[in-house]
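First residue of the sequence shown: -14, per my numbering; consecutive thereafter.
Some hints here could point you the wrong way.
Taking CB as the label site, the calculated pair distances span [to be verified]: (1) Lys308 - Lys154: 47 to 57 Å; (2) Leu188 - Lys154: 36 to 46 Å; (3) Ser363 - Leu188: 21 to 31 Å; (4) Pro490 - Asn446: 24 to 34 Å; (5) Asn446 - Ser315: 48 to 58 Å; (6) Glu554 - Asp494: 41 to 51 Å; (7) Gln474 - Gly513: 28 to 38 Å; (8) Asn264 - Asn528: 30 to 40 Å; (9) Gly248 - Arg269: 25 to 35 Å; (10) Thr246 - Ser526: 22 to 32 Å.
What the hints contain is simulated information worked out from the structure, not anything from laboratory work.
Note that the Cβ used here is the ideal one computed from N, Cα and C, for glycine as well.
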Amino acid sequence: MTTTAVANHPSIFTHRSPLPSPSSSSSSPSFLFLNRTNFIPYFSTSKRNSVNCNGWRTRCSVAKDYTVPPSEVDGNQFPELDCVVVGAGISGLCIAKVISANYPNLMVTEARDRAGGNITTVERDGYLWEEGPNSFQPSDPMLTMAVDCGLKDDLVLGDPDAPRFVLWKDKLRPVPGKLTDLPFFDLMSIPGKLRAGFGAIGLRPSPPGYEESVEQFVRRNLGAEVFERLIEPFCSGVYAGDPSKLSMKAAFGKVWKLEQTGGSIIGGTFKAIKERSSNPKPPRDPRLPTPKGQTVGSFRKGLRMLPDAICERLGSKVKLSWKLSSITKSEKGGYLLTYETPEGVVSLRSRSIVMTVPSYVASNILRPLSVAAADALSSFYYPPVAAVTISYPQEAIRDERLVDGELKGFGQLHPRSQGVETLGSFLLSALIFGIKQSISRWMTFIMKLQGTIYSSSLFPNRAPNGRVLLLNYIGGATNTEIVSKTESQLVEAVDRDLRKMLIKPKAQDPFVTGVRVWPQAIPQFLVGHLDTLGTAKAALSDNGLDGLFLGGNYVSGVALGRCVEGAYEIASEVTGFVSQYAYK
């Protein structure tokens, strides 16, 4: 049986029996390849063949009329791909989108029948909700990706002045959103505020000689109250994790680095400000919108719009229901990937591979190539999380929670010590202490937190008039029992919690729009995470697996915006690697 080219892609061949003789080879088309990569500000007059990332472009010289050398698989010759991105989650799609600007000879493969990874937007019965990530921090890389995908007019941003709450002693207490709020917020005592302030300027124990957990770092620098009433619930929100085990260096590296470089958190902040003044950023891309204040973003029809827009631009380069069964290294360079697909078994060759699937999936695939890398990747832990979306009538909200007759705010967090099972969620726009607004930004922890989100208050057109839509996250590293609960039990647990502080005790039962359990939800950046990741990367290199890259949220960070930022970084590495072939 002869091999046949898959529709719209001459570099892929299917076969249900052994491949035929070398006589049936495919000719090699001509492509453009980069032969040198360097960075220049985006406003340079040289804008051709460039990749834009947060105000920077990768400018590349082009070797024209370069022909792809034929490669051989089981005696047959056909062109290689420049890159295969394994996994069509948001990391994989964004990586492919960036690379394709200069290297269109690529492919994204996804084992499931849809792209987008954990991004799961649902619209039904007049409601629109998310069952995976809920929003993103509108950083410049995130906005650049949205604008480049034609979604600028579909961007929606939350009100930066909307309050955020933490449950403490049976009361939802607002978190300070700006420096002028610090003297008046009642979430912390005066001694607790003083302890945090003195610690931030360096009057605290010196750093130990080992990697600290988030809990150890915060207690040492800012005191017990900051940890117990702010950071502990935030860690449950960001990672659905245990702050006594999460690595400060890995999970909140920017804050950790401040103490390392400046001797204290405030000292590091001043030093960072001074360095920024001495080395100003290039002018910002004028195409990008300017968010007001610290907020979160989404799209008019939900987060799903971003992966859909990327898939539309990549077209036939995205292959769904393609399950990768093996990767082998070619003696002539590059890799052979074998897939199980709806068309049968498919073999293709590529000069480079980016693995953006979860680490436990990558571990199984890469084990034949490197046992050490596979062992390292298999050690990362992903606890379960359930997303429970429910709706109440407006009149079910407690009177003290209403402002001008409406529920307003980002959402709420619940420390474990308060006896509430639901994690609670919002974006923390500024964590206490600083001297002026520019200083306070070091501690924004600008990342999406998980838990109870006021969905219908955060973004427009999320629920019918007169209804309140609440997205609740439950589970995580400290509550793994959720996987054994039924959907009705999860809804009952969330409803029971909300009636303690937000919903009237005698309100009618909620309308359940959706329940989604993620058995392996969020990778935990535990103490030693960066060392383990480094071990995996070093093992791949030691085994001669150049051109095989690791990506995804366990590499770049768990927040949606951080996945996009990391995609630009990884795409730059890949283009630098593939450009070497222009000389060969």
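Against the structure, the hints come out as follows:
no., hint, result
1, Lys308 - Lys154: 47 to 57 Å, "51 Å, holds"
2, Leu188 - Lys154: 36 to 46 Å, "28 Å, violated"
3, Ser363 - Leu188: 21 to 31 Å, "43 Å, violated"
4, Pro490 - Asn446: 24 to 34 Å, "30 Å, holds"
5, Asn446 - Ser315: 48 to 58 Å, "51 Å, holds"
6, Glu554 - Asp494: 41 to 51 Å, "47 Å, holds"
7, Gln474 - Gly513: 28 to 38 Å, "35 Å, holds"
8, Asn264 - Asn528: 30 to 40 Å, "38 Å, holds"
9, Gly248 - Arg269: 25 to 35 Å, "31 Å, holds"
10, Thr246 - Ser526: 22 to 32 Å, "29 Å, holds"
Going through the hint list in order, the structure does not satisfy hints 2, 3.
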